[in-house]
Structure formats: C-alpha cells, structure tokens
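Asks: If you want the building blocks of each chain, they are given just below.
Protein chains: 2
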Amino acid sequence: MTMLALSFARVCSGLAPFRTVLRLQPLCSASGITVAQIDEEVAKLLELKARLGGGDDGKHQFVLKTPKGTRDYNPKQMAIRERVFNTITRCFKRHGAETIDTPVFELKETLTGKYGEDSKLIYDLKDQGGELLSLRYDLTVPFARYLAMNKITNIKRYHIAKVYRRDNPAMTRGRYREFYQCDFDIAGQYDAMIPDAECLKIVHEILSELELGDFRIKVNDRRILDGMFAVCGVPDDKFRTICSTVDKLDKLPWQEVRKEMVDEKGLSEEAADQIGEYVSLHGGMDLAERLLQDPRMSQSKQACAGLSDIKLLFSYLQLFQVTDKVVFDLSLARGLDYYTGVIYEAVLTQAGVAPVALASNDAQNGSEESVSVGSVAGGGRYDGLVGMFDPKNRKVPCVGVSIGIERIFSIMEQRAEAAAEKVRTTEVQVLVASAQKNLLEERLRLVTELWNAGIKAEVMYKKNPKLLSQLQLCEEMGIPLVAILGEQELKDGVVKLRVVVSREEVDVPRSDLITEIKRRTSDA
Amino acid sequence: MTMLALSFARVCSGLAPFRTVLRLQPLCSASGITVAQIDEEVAKLLELKARLGGGDDGKHQFVLKTPKGTRDYNPKQMAIRERVFNTITRCFKRHGAETIDTPVFELKETLTGKYGEDSKLIYDLKDQGGELLSLRYDLTVPFARYLAMNKITNIKRYHIAKVYRRDNPAMTRGRYREFYQCDFDIAGQYDAMIPDAECLKIVHEILSELELGDFRIKVNDRRILDGMFAVCGVPDDKFRTICSTVDKLDKLPWQEVRKEMVDEKGLSEEAADQIGEYVSLHGGMDLAERLLQDPRMSQSKQACAGLSDIKLLFSYLQLFQVTDKVVFDLSLARGLDYYTGVIYEAVLTQAGVAPVALASNDAQNGSEESVSVGSVAGGGRYDGLVGMFDPKNRKVPCVGVSIGIERIFSIMEQRAEAAAEKVRTTEVQVLVASAQKNLLEERLRLVTELWNAGIKAEVMYKKNPKLLSQLQLCEEMGIPLVAILGEQELKDGVVKLRVVVSREEVDVPRSDLITEIKRRTSDA
Numbered sequence: 001m002t003m004l005a006l007s008f009a010r011v012c013s014g015l016a017p018f019r020t021v022l023r024l025q026p027l028c029s030a031s032g033i034t035v036a037q038i039d040e041e042v043a044k045l046l047e048l049k050a051r052l053g054g055g056d057d058g059k060h061q062f063v064l065k066t067p068k069g070t071r072d073y074n075p076k077q078m079a080i081r082e083r084v085f086n087t088i089t090r091c092f093k094r095h096g097a098e099t100i101d102t103p104v105f106e107l108k109e110t111l112t113g114k115y116g117e118d119s120k121l122i123y124d125l126k127d128q129g130g131e132l133l134s135l136r137y138d139l140t141v142p143f144a145r146y147l148a149m150n151k152i153t154n155i156k157r158y159h160i161a162k163v164y165r166r167d168n169p170a171m172t173r174g175r176y177r178e179f180y181q182c183d184f185d186i187a188g189q190y191d192a193m194i195p196d197a198e199c200l201k202i203v204h205e206i207l208s209e210l211e212l213g214d215f216r217i218k219v220n221d222r223r224i225l226d227g228m229f230a231v232c233g234v235p236d237d238k239f240r241t242i243c244s245t246v247d248k249l250d251k252l253p254w255q256e257v258r259k260e261m262v263d264e265k266g267l268s269e270e271a272a273d274q275i276g277e278y279v280s281l282h283g284g285m286d287l288a289e290r291l292l293q294d295p296r297m298s299q300s301k302q303a304c305a306g307l308s309d310i311k312l313l314f315s316y317l318q319l320f321q322v323t324d325k326v327v328f329d330l331s332l333a334r335g336l337d338y339y340t341g342v343i344y345e346a347v348l349t350q351a352g353v354a355p356v357a358l359a360s361n362d363a364q365n366g367s368e369e370s371v372s373v374g375s376v377a378g379g380g381r382y383d384g385l386v387g388m389f390d391p392k393n394r395k396v397p398c399v400g401v402s403i404g405i406e407r408i409f410s411i412m413e414q415r416a417e418a419a420a421e422k423v424r425t426t427e428v429q430v431l432v433a434s435a436q437k438n439l440l441e442e443r444l445r446l447v448t449e450l451w452n453a454g455i456k457a458e459v460m461y462k463k464n465p466k467l468l469s470q471l472q473l474c475e476e477m478g479i480p481l482v483a484i485l486g487e488q489e490l491k492d493g494v495v496k497l498r499v500v501v502s503r504e505e506v507d508v509p510r511s512d513l514i515t516e517i518k519r520r521t522s523d524a
Numbered sequence: 001m002t003m004l005a006l007s008f009a010r011v012c013s014g015l016a017p018f019r020t021v022l023r024l025q026p027l028c029s030a031s032g033i034t035v036a037q038i039d040e041e042v043a044k045l046l047e048l049k050a051r052l053g054g055g056d057d058g059k060h061q062f063v064l065k066t067p068k069g070t071r072d073y074n075p076k077q078m079a080i081r082e083r084v085f086n087t088i089t090r091c092f093k094r095h096g097a098e099t100i101d102t103p104v105f106e107l108k109e110t111l112t113g114k115y116g117e118d119s120k121l122i123y124d125l126k127d128q129g130g131e132l133l134s135l136r137y138d139l140t141v142p143f144a145r146y147l148a149m150n151k152i153t154n155i156k157r158y159h160i161a162k163v164y165r166r167d168n169p170a171m172t173r174g175r176y177r178e179f180y181q182c183d184f185d186i187a188g189q190y191d192a193m194i195p196d197a198e199c200l201k202i203v204h205e206i207l208s209e210l211e212l213g214d215f216r217i218k219v220n221d222r223r224i225l226d227g228m229f230a231v232c233g234v235p236d237d238k239f240r241t242i243c244s245t246v247d248k249l250d251k252l253p254w255q256e257v258r259k260e261m262v263d264e265k266g267l268s269e270e271a272a273d274q275i276g277e278y279v280s281l282h283g284g285m286d287l288a289e290r291l292l293q294d295p296r297m298s299q300s301k302q303a304c305a306g307l308s309d310i311k312l313l314f315s316y317l318q319l320f321q322v323t324d325k326v327v328f329d330l331s332l333a334r335g336l337d338y339y340t341g342v343i344y345e346a347v348l349t350q351a352g353v354a355p356v357a358l359a360s361n362d363a364q365n366g367s368e369e370s371v372s373v374g375s376v377a378g379g380g381r382y383d384g385l386v387g388m389f390d391p392k393n394r395k396v397p398c399v400g401v402s403i404g405i406e407r408i409f410s411i412m413e414q415r416a417e418a419a420a421e422k423v424r425t426t427e428v429q430v431l432v433a434s435a436q437k438n439l440l441e442e443r444l445r446l447v448t449e450l451w452n453a454g455i456k457a458e459v460m461y462k463k464n465p466k467l468l469s470q471l472q473l474c475e476e477m478g479i480p481l482v483a484i485l486g487e488q489e490l491k492d493g494v495v496k497l498r499v500v501v502s503r504e505e506v507d508v509p510r511s512d513l514i515t516e517i518k519r520r521t522s523d524a
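Protein chains in written order, with UniProt numbering: chain A, 1 to 524; chain B, 1 to 524.
Source of the hints: derived by calculation from the structure; they are not laboratory data.
Among the hints, erroneous ones may be present.
Same chains, same label: a pair holds when it works inside one copy or across any pair of copies.
Computed cross-link-like contacts, DSS-like style, restricted to lysine-lysine with a CA-CA straight-line distance of at most 25 Å [unchecked claim]:
no. : residue 1 : residue 2
1   : K120      : K251
2   : K162      : K126
3   : K76       : K162
4   : K108      : K392
5   : K151      : K392
6   : K126      : K108
7   : K437      : K491
8   : K68       : K108
9   : K65       : K392
10  : K68       : K162
11  : K151      : K68
12  : K93       : K151
13  : K120      : K108
14  : K126      : K65
15  : K151      : K65
16  : K162      : K93
17  : K395      : K301
18  : K162      : K108
Note that the structure is predicted; figures quoted are calculated from it, not measured.
Kindly produce the complete structure, drawing on both the sequences and the hints.
Replies: This is the structure we're talking about:
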C-alpha cells in the first residue's frame with residue numbers, strides 16, 4: 001500500500017491545479033479503501049492526464065492503453081475467436097441465411113427512440129460539421145433501417161459485427177463497451193411461429209456445438225406479460241415500467257422486485273402478489289395449456305393469443321428436437337422496447353466455468369458484477385420496428401436472435417488457459433530451412449515454389465540462421481514439417497523433409513516435394 | 001428542374017428561421033446551377049433537417065440514409081466481399097501471418113502527431129465524460145501501439161478491419177469515409193530487405209489471384225528521396241513539403257508540380273529542374289546501379305544506402321519471381337510521415353474498368369474525382385513508429401503493406417453487374433418441399449434430420465406452400481436440389497430428389513438421403 005500511496009501523492013501533486021475536478025481528499029487520506037476503488041481512481045487520473053496531454057514532468061508521455069471497456073485481441077485470442085465465428089457462421093449458413101453489413105455509425109436520429117432508457121449509453125460522434133452521428137448500439141435497429149430504406153419485405157440474414165455501449169464494463173466476465181454481436185433474423189410475413197421456432201433451433205445448435213456445458217433457453221411472450229399485467233390490475237401506463245422491474249428477476253430475488261414494484265413504482269400490494277404468483281411459473285407446452293384454462297389469465301385476449309402461440313411454438317420445437325432445453329418461463333421480460341411477441345434468452349447453467357455464476361447463488365450479493373449471469377443469447381419478435389422507419393408505417397414482421405459472443409470468448413479463453421492447450425496461431429505447414437551457410441537464395445527459391453503451389457510456408461529472415469533456431473521456431477509455432485536444404489541435397493536434387501514431432505527425416509526428390517507435403521498435412 | 005425548384009422552395013420556407021445558416025439566395029435564383037451542386041445543397045439541407053429533428057410539417061420524418069461517405073453491403077456485395085477477403089486471407093496465411101484485432105477507437109492522443117496534415121480527417125468522438133477518443137485512421141498506428149504496449153519485438157501479423165477518414169467521398173470510385181484495409185506487416189530486427197521483398201511478393205500474389213487485370217508495383221526509398229533532395233539543393237527544412245509536392249506526380253503533370261515547388265514552396269528553379277530530371281527515371285536493378293555511379297547522387301550517403309537496398313531488394317524479387325511487375329520509380333513519394341525506408345504502391349494499369357482511369361489521361365482535368373487512379377495497395381518501411389509509443393523510445397523495425405480493398409470491390413461488383421453474373425448469396429444445398437397439403441410437420445421433421453447431419457437446407461415458412469412457388473424459390477436462390485415429400489413417398493419410405501437445373505427426379509430411400517445429397521453437392 002505504501003507504494004500505491006506514494007505514487008498517488010506524486011500524481012496528486014502533479015495535478016495540483018485540477019484538484020477540484022477530483023475528490024482526492026478522501027482518496028489520499030482515508031483508510032479502508034479497496035483495491036478496486038484505487039484502480040478506479042487511478043483510471044480516472046490517467047484519463048485526466050491523457051486529457052491534459054502530458055505527464056507531471058512536462059515531457060509528453062503516452063498513456064499506453066486501449067480505451068476503457070475495450071480490448072485488443074492477440075493472435076491466440078483471435079484463433080479462438082475465429083473458431084467460434086466459424087461454428088456460428090456455419091450454423092447460420094446451414095439455415096440458409098444471407099449476410100449484410102452496415103456502417104459502424106448511423107445518423108443519430110436513426111437510433112433515437114429505439115432503446116428507451118438505455119439511450120444514454122449510446123456513443124455520439126463529435127459534431128465536426130455535417131451530420132450528427134452515433135455508433136451503433138445493436139445490429140437490430142440498423143437492420144430495420146436497411147429493410148425500410150431498401151423496401152425489403154422478406155429476407156433471412158445474419159450479421160456479425162461490433163456494437164458499442166457506454167456501459168459499466170466488467171471485462172473479466174466478458175462485458176465490454178465494444179463487443180461483437182452475432183445476429184440472425186428472419187423478416188417477412190409467414191405462418192405463425194415457424195421462423196420463431198427456427199431461431200430457437202439455431203440457438204440450440206450453436207450452444208451445443210460450442211460445448212459450453214448445459215444451457216436453458218427461456219421463452220415467454222410480450223403479449224402474455226401484458227395480458228398478465230392487465231388481469232393482475234396493473235394500470236395501462238405502468239406496463240412498461242413494471243415490465244422493466246420484472247426483467248430484474250434474473251438478478252434479484254422476488255422480495256426485492258416486489259418491493260420496487262410497490263415502493264418505487266406505486267403498484268398495489270395485491271397486484272404485485274398476483275404477478276408474483278405468475279412469474280414463479282415455468283414449464284412447457286402443458287403450462288401454456290394450463291394457463292389458457294386459468295380463470296384470470298383467460299380473460300385477456302392478448303394473453304390467450306400469446307399462450308396459443310407458445311403452444312404452437314412448442315409443437316414445432318418438438319419436431320426440431322430441441323424441447324430438452326427450452327422452458328416456458330413467465331418471469332422472462334426482456335428490456336428492449338421493440339419486442340411485440342415471443343421473447344427468449346439462453347443461459348448457461350453450469351457454474352463450473354469462472355465467469356458464469358448462477359443468479360441464485362449471487363443474488364444476495366447484489367453488486368452489478370456478481371449478478372451478471374450466463375446469458376449468452378437473446379432475442380424475440382419485433383413486428384413494429386421496420387414500420388418506424390417507413391414514412392407510411394408499412395410493417396415488416398421480424399424475429400431474430402443475437403448471440404452474445406464476448407462471454408463465450410471469455411469462457412473459451414479461460415478453458416484454453418486452464419487446459420494449457422496449445423493454440424496454434426498460424427497455419428504454416430512447412431519451414432524452409434538450412435543447416436549450412438550461404439543458402440539464403442536457395443531457401444528463397446524453394447519457398448517461392450511452395451507458395452506458388454499454395455503451400456503455407458515460411459523461411460527465417462536471416463542470411464545464415466542456425467539450424468537449432470529454425471527447429472525451435474517450428475516447436476514454438478507448431479509448424480509440423482521442415483524442408484531442409486544443404487549442398488548435398490542440392491547436388492542430389494532432393495530436399496530433406498523432417499517431421500518435427502518424431503524427428504524422422506526422409507530425402508524427397510524435389511519434384512515430389514509439393515505432393516509429399518500436401519499428403520502429410522492434408523488432415524491438418 | 002421545375003420539380004426541383006419547387007421542392008427547394010418548400011424546404012426553404014420550412015427552414016425560414018435558419019436561412020442565415022445556408023446561402024440559399026443564389027441557390028434558389030441563380031441559373032446555370034449544376035445537378036451536382038443541387039445534390040450537394042440538398043444533402044446539406046437534409047443534414048440540417050436531420051439536426052432539427054423533424055420535417056417541415058412538424059411531424060417527425062426520418063432521413064432514411066446511411067451517413068455521408070458510408071454504405072450498406074447487400075447480400076450480393078457481401079458474397080463478393082467474402083470472396084475477395086478469402087483470397088487475401090489465404091495469401092496472408094500462406095505467408096505465415098497471425099492475426100490481431102484492436103478497438104475501432106483509440107485514445108485521441110494515440111493518433112496525435114502521426115498523420116501530418118491528414119490529422120484533420122480524423123473522426124473524434126463526442127466528449128461524454130471519460131476519455132477523449134477518436135476512430136482509427138489506419139491499422140498501422142494501432143498496430144504500433146499494440147506492439148509497444150505488449151513489448152512485442154517481432155511478429156508477422158495481418159489485420160483486416162474498417163478505418164475512418166472524414167475525406168471527400170467519391171463512392172463510385174470506391175472512395176469512402178468508412179472503408180476496409182487489409183494490412184500485412186512484419187515487425188522485427190531481420191536481415192535487410194528480406195521481409196520487404198516478401199511484402200511485395202504478397203501484393204503480387206494477391207493482385208494476380210484477384211484477376212484485376214495488369215498492374216505495376218512502384219518502388220522507391222525515403223532515403224533516396226531525401227538524398228536526392230539534398231544533392232539537388234533543397235534546404236533541409238523543406239524536405240517534407242517538397243516530398244508532398246513530388247507525391248502529386250501521379251495526379252499532376254511535371255510542369256504543375258514544378259510550378260508548386262517554385263511558386264508556392266519557394267524552391268529555386270535550378271533545384272526544381274534537377275529534381276525533375278531524377279523523378280522522370282524508372283527502371284529496375286540497373287537503374288539503381290546507374291544511380292550509384294551518378295556523380296551527384298553518389299555524394300549522398302543516405303541515397304547510396306537506399307540505392308544499395310533497392311539492388312538487394314530486386315535480387316530477392318528475382319528469386320520470388322515477381323520482377324515482371326515491379327518498377328523502381330523515383331517519382332513515388334508516399335505522403336505519410338512515418339516511412340523511413342523502402343516505400344511502394346501498386347496501381348492497376350488497365351483502363352478498361354470504369355473506376356480505374358490512368359492519371360495521364362485525366363491529368364488536365366484536375367478535378368479530384370477524375371485523378372483518383374488505380375492505386376490498390378501501398379506501404380513501406382517504418383522503423384521509428386513503435387518507438388514513438390515507447391517511453392524509452394526503443395525501436396522495433398517494421399515493414400508492411402495495406403491492400404485498398406474498396407476499389408477492388410467496386411471493380412468486382414461492376415464486373416459481376418456487367419457480366420450479369422449470377423452471384424449466389426446463400427449456400428443452401430437442398431429445399432425440403434411438398435406438393436401436397438398438411439405436410440408441414442413432415443417437412444420440418446425432414447429438414448431437422450438434414451440440419452443435424454450438417455446439410456444446408458431450408459423449408460418455406462408456410463403451412464401449405466404451392467410446389468411451383470417452392471421451385472421458383474430454388475431458381476431464384478440457386479438452390480440445386482429439392483427434396484420432395486408426399487403421402488406416397490412417406491408410405492414408401494423414400495424422398496423424391498429433384499435436380500433443379502435438369503428437372504431430373506429420382507426416388508431415394510430416406511436412409512440414403514443424406515449420403516446422396518452430400519454426394520451430389522460435394523463439388524459445389
């Protein structure tokens with residue numbers, strides 16, 4: 001702590017004129033300060049320093065970091081990322097999706113009025129003259145804008161790209177300010193619940209293939225929620241705000257949610273208790289059938305429509321062989337304003353992996369970090385969003401799902417780390433090497449032959465590298481083969497092909513080398 | 001024109017309080033106004049409208065567009081983009097590169113002082129509290145920041161990502177404000193010119209594989225340029241600015257460049273003429289040898305070092321079999337400040353494709369659009385950039401190349417258009433269809449079997465689609481096979497497999513279907 005205190009003092013004195021900006025007094029003197037708090041204050045100070053454009057000694061000094069809430073991906077992380085993307089893309093393509101791309105920023109007004117309270121998390125660009133722009137917050141709103149702009153009324157598309165939210169980052173748990181979303185959406189007027197069921201089939205396939213452990217896909221419907229609110233006596237104008245409170249049920253126990261409803265949102269205790277009964281229910285098609293008979297619930301036309309659709313959905317899910325993981329859960333209430341029908345969310349249920357903790361275990365803790373559970377995919381039906389962009393409000397029904405990939409990366413990275421798994425970051429099949437001096441030209445000639453034949457090959461960028469260092473490079477990078485050239489080999493018209501793992505060496509006629517390398521690496 | 005005038009009048013009246021912002025008077029009354037000018041003014045007005053957040057009638061009305069200088073990619077364009085990326089990525093991987101990713105924005109100060117005059121084109125983010133951020137301008141500076149931050153002294157990496165420049169867009173020619181760069185860089189202390197030569201080999205491979213027509217790769221060296229300036233009598237403090245003027249030689253004829261040197265930059269006529277002699281030279285290794293003997297040039301140690309390296313470079317390029325396209329060209333002077341050695345730029349030399357016009361043809365025109373020639377790749381050596389991020393200024397020598405992909409996309413898209421080429425946007429192998437009613441469940445059951453076996457398959461999202469509309473969907477999307485189910489087929493335990501192109505139909509036992517589909521689509 002002394003070291004920390006010292007460095008604080010130095011930073012504080014260097015920033016004397018700006019003391020008013022920061023509450024440094026309690027920081028420098030108080031006891032009982034946590035490391036997390038110190039880290040946070042250091043980050044703030046470094047930010048301030050960055051804005052001042054220099055260090056305390058007057059000499060310009062870079063703050064060598066990425067922006068808050070963002071990260072670089074190193075080659076190992078990229079190799080894992082590529083694997084995950086390939087699995088996801090393969091699944092999207094298997095289901096016949098096309099792909100589109102949209103700009104990373106949109107006109108500010110395109111995003112306005114789509115995200116409710118979360119709008120405060122949107123990154124705006126500086127007004128440098130011209131249009132007012134914001135970074136995209138998700139891929140759904142740009143998709144809707146794209147459909148309306150191009151008057152597209154049906155498409156099945158996927159879109160894998162980064163989105164931006166000025167949220168509180170929790171990076172060890174895979175919560176970033178810049179993060180990838182992998183979206184799959186089906187737009188078009190189709191027979192009920194078939195596309196909706198396919199979205200769930202896709203989530204099931206992807207989470208199974210990624211082998212992230214057991215998972216559940218919770219399903220509900222906005223119309224059931226609204227109908228439930230109506231029959232429980234929630235006033236119409238409180239539907240949205242009560243819905244937001246229900247949405248906290250995956251983070252907070254019922255008693256706290258109930259408290260918020262009654263104390264903060266002014267709901268009657270009676271209404272809250274009735275809601276409480278419903279949101280504790282979960283099941284399958286049978287639950288939907290039971291609720292259709294429920295004397296209170298059946299009074300709501302909306303709820304009945306939703307419940308009938310849930311029944312239909314489950315019948316398709318049976319055909320798709322995914323009912324083992326899907327739960328009809330009345331407590332699911334996704335936050336976004338634009339959903340109009342079915343909603344769903346997938347959670348990992350194995351607490352074995354560090355960043356994924358079950359809500360119930362952490363619920364009493366209540367801090368924002370500990371309650372971020374294993375939600376790794378979510379989505380639903382949004383039949384009104386495209387119409388918001390159409391001058392004549394022409395609607396295009398849509399349903400889609402978004403895979404939250406960063407949390408999956410975190411899990412995969414930690415696993416690779418834990419298993420001390422050797423992740424290859426290149427695909428090089430062969431290193432062209434030499435044991436003797438003055439053979440650079442011969443090495444370059446041979447590697448050119450290999451490149452021209454489509455073989456992934458490297459040479460060391462040295463005139464006279466040692467054989468040992470060339471072999472070490474192979475070990476390090478996981479290169480399976482070495483093609484060794486020497487005076488004798490050149491004379492005999494052969495290349496010595498060495499298998500790195502077994503140290504086996506064999507002379508291959510130069511004319512057969514390409515075929516031989518391809519043969520030996522074809523299963524790699 | 002009447003229509004236009006009318007709509008102008010309406011917009012003008014709607015914006016009366018803001019008239020001072022725009023110079024509307026000349027616009028509304030003047031004659032001889034061009035369509036381009038009108039378009040520009042309309043864009044300005046729409047921008048203003050967007051900022052006011054509403055239309056003239058008070059009702060909120062969206063401006064349904066992407067931000068200036070940006071575009072969406074539709075599925076066809078994405079299919080082309082994917083093909084180009086695959087070719088490029090395959091080449092980078094063949095040469096043993098790893099890949100990394102960095103955030104789309106950096107701390108503003110990370111970009112400060114790296115781009116000279118072009119810094120004004122950087123997009124800043126709005127100060128919403130916290131750090132000051134800017135969108136990345138290229139991938140090179142973030143790469144250097146990454147190396148310094150992680151203390152990496154050698155790596156061969158590629159990075160394919162979007163970069164941002166508030167430049168004047170010329171979108172039909174592939175010049176955007178948001179555009180992709182495909183960068184390949186080699187960092188590390190190696191024997192001279194080997195990595196540099198590999199970068200040129202890579203450009204050669206990529207441009208050849210993409211079949212964009214003939215191309216040239218111009219090569220020069222910053223040290224040769226500086227040496228040349230010194231021996232021609234350019235004062236030291238004018239090197240950079242004279243270099244910028246020389247850089248315009250691909251857009252302007254020598255006489256205009258000379259004029260700028262003398263009239264604007266205050267260079268003596270004698271010095272300008274001496275430069276003029278040198279910059280008209282181009283050749284191969286022979287030219288480098290000749291210049292090493294040149295009585296004036298040989299006085300500069302710097303120039304001699306550069307010329308010797310060019311010789312060495314060409315000797316490696318011969319081994320790499322790429323000298324057919326590489327020209328040592330003394331007029332090449334790339335704008336960026338950070339280059340320290342070899343520089344290069346690839347240009348397409350076939351004027352056959354619309355957006356690529358040769359500079360010489362357009363030079364007298366002088367408008368910014370017409371002079372943007374076919375430069376599709378560029379790069380060079382930058383040994384000092386990483387050191388700028390290191391507190392102790394430890395240098396990491398780097399050389400790299402950036403493929404300017406948007407122009408390549410433009411060419412490919414126009415070609416696909418011109419050839420009326422059928423670009424498939426999905427990879428679906430088979431549509432599960434039915435000729436009869438009430439078979440939705442059977443179709444869903446079969447498509448599930450196919451998906452679970454990894455077959456790319458679709459069904460129409462209708463309970464009872466017509467067979468004709470199912471076959472039309474196949475035609476439209478290029479789906480090669482249809483698996484048709486009917487009562488009879490279900491009874492017989494077969495599926496009728498139809499080849500869309502030939503209309504051939506064959507009954508396949510259900511148990512053999514997956515194998516049969518895989519067999520028939522394995523070469524697809």
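Asks: For this structure, which hints from the list above don't hold up?
Replies: Failing hints: none at all.
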